[in-house]
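Sequential numbering from 183 applies to the sequence shown in our numbering.
To be clear, the hints were calculated from the coordinates, so they are not data collected in a lab. Any given hint could be a false lead.
[To be verified] Cross-link-like lysine to any residue pairs, in silico, SDA-like; alpha carbons within 20 Å at most:
| id | residue 1 | residue 2 |
| --- | --- | --- |
| 1 | K551 | E519 |
| 2 | K223 | Y327 |
| 3 | K551 | E524 |
| 4 | K551 | D576 |
| 5 | K551 | R571 |
| 6 | K551 | G482 |
| 7 | K528 | G572 |
| 8 | K528 | A564 |
These figures come from a predicted structure and were not determined experimentally.
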Amino acid sequence: MTLRRRFVLTFVAFALALTVAGGLLAWTFTRAQVERELDEKLLAVAGITADVGGMEGLAVGLTPGMEQTQAYQLLAQRLRLMTRYVAAAYLIRRDLRVLVSTAPTDSLPIGAPLYVLGSHREAIDRAWETGSATSDLFDVDGRLYKYGFVRLGDPAVAEPSLMIAAQIPANYQAALVRLRRTLILGSIGAALLAVLLAGLLSTRVTSPLDRLSHAALRIQRGRMEDPIPTEGTDEIGRLSRAMERMRVGLIDQRRQLELMVAQVAHEIRNPLGGMELLAAVAADSDDPTERRRIISRIRGEVQALNTIITEFLAYARPADAEPRLHDVRDPVADAAEIVQAEMGPKGREIRVEVADEPLRVRADPDQVKRLVLNLIRNGAQAGRTVWVRGRREDGDV
């Protein structure tokens, strides 16, 4: 999976999670708040009716068949006043039998059992104990309702025996459905916006990386002429500047390698040219002594050629270093002594001037010796006197 795709998926997933979580939290809080307000409204309506005095006195003595009495009609009138706010209202006894209701008299006469309240026994018991309670939501023909129960009477005076039950439609569900639809559409919109923003942001991040990747491929293929463009001042910009320094360093390294190869070729060509001339002279000479002398010189050129190749291989494949603390004057003196023995018969002179106190460094003594040996030999080939000086300056040797 590409970096761009991972960036987009991560950004969209985060935006969706945040939007959905916020939507669910808002929907849950709104639903709980609306349901709480509905409960308060339901209990307030039933409570106002219950607070109207005289209801218990009017209900005392009501028995089946007294639906046409003045007391019954007065109680029914008070309950019907509630229908502006509720769907139905009942005055019930502890045995869940109805005394008065907003329903037609022939459908719910005095003493008729109200079976629909049987599933709300827990809320009714709580209302008998605390004075008021509401039921859970329930469904009637596809619509949601709640019951509110308010006890009549003062338990401190006498045990209450009557209760008002009011049924109210939960019309807020339609508003919650609209809210849920709005939240879903908002989540979809947020996801689309997140995709757009993630695409723009990922393009700003990945486009410079793509350009740097193409530049790296050009360098890999040896096309190092074009400079790497600077990509701003952020982390990608620092990466581009580091790659540009790498490109410049590779160009310098390649130039140094070309120069070294040219120098090695020149050093090899000189002995080969001398060997070719000596071989031609030996071929034309009939004097055995002269031929032996020429062959001896050819062998010397071969040894010089072998020395050049050995030094080149040592440079191309350096041995593993074993650095340790030692006095650098010792390998320098050994190298000078070897070159003096080699070049002394040819009139060369090696002079070593080093400090009297030890010059301790942490390095591989053998590699130090080979390094100084090559330097002195090159100097001896170019001049008659080679000076080798060693001293300590500012903590360095």
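Here's how the hints hold up against the structure:
The suggested pairing of K551 with E519 holds, with an alpha-carbon distance near 11 Å, which does not exceed 20 Å. Restraint check: the Cα-Cα separation between K223 and Y327 comes to about 13 Å, which is no more than 20 Å; the hinted pair holds. Restraint check for K551 and E524: satisfied, since their Cα atoms lie roughly 16 Å apart, inside the 20 Å limit. Between K551 and D576, the direct Cα distance comes to roughly 23 Å. Violation of the 20 Å bound is thereby established for this hinted pair.
Only pairs whose Cα atoms come within 20 Å are accepted, and K551 paired with R571 is accepted, the gap being roughly 14 Å. For the hint linking K551 to G482, the alpha-carbon distance of about 24 Å lies beyond 20 Å, and the restraint is violated. With a C-alpha separation of about 25 Å, the suggested pair K528 and G572 falls outside the 20 Å cut-off, and the hint is violated. A C-alpha spacing of about 12 Å is found between K528 and A564, which places the hinted pair at or below 20 Å, so the restraint holds.
In this structure, the hints that do not hold are numbers 4, 6, 7, in rising order.
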